[in-house]
Structure formats: C-alpha cells, structure tokens
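**Student:** Residue-level listing of the chains:
Protein chains: 2
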Amino acid sequence: MDQPYVIGIDIGGTNTVFGIVDKRGQILRSGAIKTGRHEDVGDYLDELAQALNDILKDPFSKDTIRGIGVGAPNGNYFSGSIEFAPNLPWKGVIPFAQMLEERIGIPVALTNDANAAAIGEMTYGAARGMKDFIEITLGTGVGSGIVVNGQLVYGHDGFAGELGHVIMRRNNGRLCGCGRNGCLEAYTSATGVARTAREILDLNPDTPTLLRNIPVEDITSKDVYDAAVTGDEVAISIFNFTGNILGEAFADFVAFSSPEAIILFGGLAKAGDFILKPTKESMEKNLLKIFKNKVKILFSGLKEDDAAVLGASALGWEV
Amino acid sequence: MDQPYVIGIDIGGTNTVFGIVDKRGQILRSGAIKTGRHEDVGDYLDELAQALNDILKDPFSKDTIRGIGVGAPNGNYFSGSIEFAPNLPWKGVIPFAQMLEERIGIPVALTNDANAAAIGEMTYGAARGMKDFIEITLGTGVGSGIVVNGQLVYGHDGFAGELGHVIMRRNNGRLCGCGRNGCLEAYTSATGVARTAREILDLNPDTPTLLRNIPVEDITSKDVYDAAVTGDEVAISIFNFTGNILGEAFADFVAFSSPEAIILFGGLAKAGDFILKPTKESMEKNLLKIFKNKVKILFSGLKEDDAAVLGASALGWEV
Chain A
-19 MDQPYVIGID IGGTNTVFGI VDKRGQILRS GAIKTGRHED VGDYLDELAQ
31 ALNDILKDPF SKDTIRGIGV GAPNGNYFSG SIEFAPNLPW KGVIPFAQML
81 EERIGIPVAL TNDANAAAIG EMTYGAARGM KDFIEITLGT GVGSGIVVNG
131 QLVYGHDGFA GELGHVIMRR NNGRLCGCGR NGCLEAYTSA TGVARTAREI
181 LDLNPDTPTL LRNIPVEDIT SKDVYDAAVT GDEVAISIFN FTGNILGEAF
231 ADFVAFSSPE AIILFGGLAK AGDFILKPTK ESMEKNLLKI FKNKVKILFS
281 GLKEDDAAVL GASALGWEV
Chain B
-19 MDQPYVIGID IGGTNTVFGI VDKRGQILRS GAIKTGRHED VGDYLDELAQ
31 ALNDILKDPF SKDTIRGIGV GAPNGNYFSG SIEFAPNLPW KGVIPFAQML
81 EERIGIPVAL TNDANAAAIG EMTYGAARGM KDFIEITLGT GVGSGIVVNG
131 QLVYGHDGFA GELGHVIMRR NNGRLCGCGR NGCLEAYTSA TGVARTAREI
181 LDLNPDTPTL LRNIPVEDIT SKDVYDAAVT GDEVAISIFN FTGNILGEAF
231 ADFVAFSSPE AIILFGGLAK AGDFILKPTK ESMEKNLLKI FKNKVKILFS
281 GLKEDDAAVL GASALGWEV
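These protein sequence lines map, in sequence, to chains A and B. Note that this note's numbering has the first sequence beginning at -19, numbered continuously upward. Note that this note's numbering has the second sequence beginning at -19, numbered continuously upward.
One chain only, chain A, in its complex shape:
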C-alpha cells in the first residue's frame, strides 16, 4: 500500500499542534487542540484522535499514513511513555504512544521535543546528509538531540542528550530549575539571558543602556536583541557573555562525539550573529587542537512555525 505521508504531533504546555507531512517536509494540512483542557489523559486522547480523524479526510486517509511521530516533554522513545512531565496536566508515567495507537489505528512513535527537532533537522533541515551532529534548542530551557552515525542517541534508558544540564560553573554557579547549580541551561536559555541582563545592569549601574527603559524584572531575551540591533553595548555584552559559556560547552561536546556541526534551534537562535559570533569564537578558543576549525555552528533549517510538527513527523517515517 502506498503510504506517502506521516503525521507529526507536538505536545506543548499550552497547545498540541499536529499536521500531515509529505516526504519533502511540506505540511499539507494541520490543526491544534488545547493541551490542558482535560485532566484525564484518556479524555485528552479522545479529543486528539477525533481531531486527527477530522484532518484525515479526502485526499488523505488512514491508509495513506506511514506512521505518527510525537514530540513531548519527557517523552521516552523506548517506552513510548511521557514520564513525570512537570509542565503537562497528567502526572506519573503515561503510556502515550500505546494509548494513541489504540484510538487511531496507526503506529505511533514518541520522543522528547529536543530529539524530535534533531530528527526533523536530519530529515528536512540543515543536517540533511549529516551522520554526526548535535541539535541544541535554546528556548525557555536548553535541550539537545545528539546524532551519532546517523542514529539518535537515546542511551540505555532513553534519556540521553540532557546537554542543558552539564555543569559549566562549579563555584557559585547559578541555581538551575533542576535543583543543581551551574547548569548550561541556567546561562544560555532565554530565561538565562534575561537573568544575565539583570545581573549586568546591577553590576554596572552607571552605564547607559536602552534596557534601563524596561522594568528590570520584565526584560526578555527579545528585548536584549532589540537593543543589540541598535548598537547598545550592554545588550551586546549580554550576548557575548552568553556565547562565551555556550562556546565553552560546545568545545566539551566536541571532545565527546566530534560532530560535523552543532545546530542552534529555538528562540535564542533568532539573535543571529549576536549569539553565533561569540559562541564560535569561544568554541574555537576552547577546542582541543585536533578539533579546531572543523566543526560548523549552524542555524536550524526548519521554518520556525513548522519546526515542532516537522520534527515530530520525521519520527513517523521510522515507526
């Protein structure tokens, strides 16, 4: 039977978005439901299955779908479960892939959102043709998907690739959401950048900057970018600080898997050269000699609005 399409589902804290995707990475039909409307995951899945059936109308049908890929926070590829996800309404271990498959009758594979982004990048984006790369998602948190030898690294338990939680500062490191101190995420996530902004403003009370026009607790990484674009030196120094730590981390990642490229995805990647330049400089400065001038740092080739669904959908080819 000809099955030229897959379905991608991205489960976010607020919305669940999904779409039918073809082999070239075109989203041909899409939809969304609220993630938080049902406290019972069964009710949520009933609504999701109904919404999927609604888009599986002519010229599509279940028979044309190769598989369904799901990207979810704390999604475990091996078990197909969502395990203790702090930002979702359902507690404990949810055998999500199995429960959806029972309702829709199409094979379902599930992984976490950062891994889904890496698979999407390899299938449709900047990592096409690469067998060894690392996808770093710089959003509210810092996630990662590691590809070695053309395969995603899941580790023995399905939880590999938590590069947002390597320790970058062992003395007086910032408290991270994970409860430990000094994690990469505490410095290079969007919230980490906002925190750096507040620290730098505090430490330099007399230096003029556009950022003083914003209440200090409200400053976002987007505000820092907007200021940097006008040449604001404090804003630029915030990105330099961030890129410096990110580059230090990348140099260690390279010593691990020697990737062809490290690919930046997510909100902070929109800062373009403001984040890319200091990151690259710092990485090169910190690399072991045999790795110097070999590793590319690239921006994601996935269109932002489509990236989550595309990434998840790519897993649908592998079910």
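Worth double-checking, as some hints may not be accurate.
Copies of the same chain look alike in the list, so a pair counts if it works inside one copy or between any two.
[What the hints assert, rightly or not] Derived DMTMM-like pairs: lysine to aspartate or glutamate, alpha-carbon spacing no greater than 20 Å straight-line:
| id | residue 1 | residue 2 |
| --- | --- | --- |
| 1 | K272 | D137 |
| 2 | K283 | E197 |
| 3 | K111 | D137 |
| 4 | K269 | D43 |
| 5 | K260 | E240 |
| 6 | K71 | D23 |
| 7 | K269 | E179 |
| 8 | K71 | E27 |
| 9 | K42 | D198 |
Read the hints as simulated data drawn from the structure, not as lab findings.
Chain A is fixed; fit chain B onto it per the hints.
**Tutor:** What follows is chain B alone, placed relative to chain A:
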C-alpha cells in the same frame, strides 16, 4: 573458509605486542618487537610482518585469520592512519593499516588504544551484552572509548571520545599536556594523582604521612596506593580528591549518552575501592535526578597483561 581467529596488535611507545586470539578471548600465541628500533616505518612494518608470519605456523595459518585489529596512539579508524603520534618514532600521517595489509595479505583495521580497549571490553570483558557504555582508561593520560547503540562513537572525523580533555576547572585549572588548562586528564591520570600528592603535601606541611618518606618529585600513584592501604589519611585524601573530580566528570558524561555503565581501565583502576568509592559518591551527588542510581561504575573485565592485545584483536572481527 573457516576463520576462527583474529590477530591483535598493540603499538606502545616502547613495545609492539601481538597475539592470535580465538572467539572466547583466549590468546593462543603471542609475540613482541621493539617499536622504536626503526626510524623508517617501512622497516618497522617489514619486521612486524616477519614476526607475524613466525607465529602463523601450524596449527595456524593466514587462512585461519578473520582479520587483524591494531590499537595505536592517535590511530584513526576511518583512514586507517596513525596521525601525528607524539610518542612514536614516525612523524606525520602514516597509512598504517594499508601498509601492513600490503605486507601480510590479511585485512587490517586500526583505531586508537582507548577505543580498542572499549571494543575489547564489549567483546570479551565487563561490557559483554551492553549496548551503551563508556570505557575510561586511567593511565599516563586519560583516554576514552564511547559505545552507543552497540557501536563505537568515532565522530565525523574519527577522533571522537577525547574525554580526558573536557574542562573540569575553568579557573586556575592545572596546565594539561594538550596546552590547555583544567582538563580531566590533568587531575585523574596517574601523573595527575602524583601532582595532587605533591600539592596536598605542600599545603599540609605539618600533617604526618608515609608519603614524606619518598622524595616529593618521585611520588607515583602506586606509592599513594601503597600508603592508602596502610590507612594513611593523606594518601586516602588524595584518592578522594581524584575521585571527586572523576565523579563530577562522569555526571556530565551521563547527561550526554546515558550509558548503562562507565568502566575503569588502566593503572589507576588498580586502586580499587580507594578510587571507586569517592568517584561513585561524587557522580551520584552530581547527577541530574533522572539518572540517579542507574549508572554502574565497574572495573575492566580484561586481564591486565592481555588487555591491550585483546582490545585490538576484537577489532579484527569487524574488518
């Protein structure tokens, strides 16, 4: 044709040792030549080929050998070359596998010594049946071989797995042989332990310890072990310091590839519980919550005298 044997060759700075190995990891016949006798690598390879022919006598013959595996410093699996090895007499890039294959007429595969140890561990040692583990060699330097999904991680250029050179101390880190500061190797190699001994003795001039009976520049990690066995508290604190840093590094490695086990190999592993206990404690303390109490730290299951040849030989099954 029945090919029940492989040959393993380990190239060290002083000696080149080799042996014929069967499927169960028994070394059935072995030999050795001096690595440094010939400045010209061609002359060295002529001697090596002759020595191999000498052991390939009845009941063995070339026809019974599946392949030859070579472990060499700076060995690159992809190219089969030894590239700029500082401790070998031949400079530049040596197409070693090809040159040996031309002389002996058996397929040759080559990798670096730490990767060879990991393959040996997976084939004959403590990692039998594991698909995800990390082998850490704690010798003069610190090397590593990373296995993901049952495959060695070579990276896009063949140089992945330089875990001795992740940065553990970014401020006032010790100078490493690689020219950078704060590398894991500068703390947890045999020479790193000796350095720690000198520092701790300097910083605590009034604390009694057996180590003061040895000229401070001559103290080795073996001396520290001998003192620790007698209950010497300074010696024990040296291992605690070392294990603490090693455990911090392991916690970061787990965030990368989530291995089932991290396996200790090489001289320092002989310190047994003196190094294992503080390493495990520190790793558990530093692990991200989802990884706690999941990752084993084991000692190599390869017999020390045979390990280098066994590790290299295991690659011979894959040529």
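**Student:** Determine for every hint whether it applies to the structure shown.
**Tutor:** Okay, the hints, checked on the actual structure:
1. For a Cα distance limit of 20 Å, the shortest separation of K272 from D137 across copies, 12 Å, qualifies, whereas the shortest one inside one copy, 33 Å, does not.
2. For a Cα distance limit of 20 Å, the shortest separation of K283 from E197 qualifies neither inside one copy, at 31 Å, nor across copies, at 60 Å.
3. For a Cα distance limit of 20 Å, the shortest separation of K111 from D137 across copies, 11 Å, qualifies, whereas the shortest one inside one copy, 22 Å, does not.
4. With identical chains, the CA atoms of K269 and D43 are never at most 20 Å apart, being 53 Å at best within one copy and 42 Å at best between copies.
5. Taking the shortest Cα distances, K260 and E240 sit within 20 Å of each other inside one copy (14 Å), while across copies they are farther apart (33 Å).
6. Taking the shortest alpha-carbon separations for K71 and D23, only the intra-copy value of 14 Å comes in at or below 20 Å, while the best inter-copy value is 68 Å.
7. Proximity of K269 to E179 under the C-alpha cut-off of 20 Å is found in neither arrangement, the shortest distances being 34 Å within a copy and 28 Å between copies.
8. Within a single copy, K71 and E27 get their C-alpha atoms as close as 19 Å, which meets the 20 Å cut-off; across copies the closest is 67 Å, which misses it.
9. Taking the closest pair of Cα atoms, K42 and D198 never come within 20 Å of each other, the shortest separation being 47 Å inside a single copy and 74 Å across copies.
Taken one by one, the earlier hints fail for this structure at numbers 2, 4, 7, 9, listed in ascending order.
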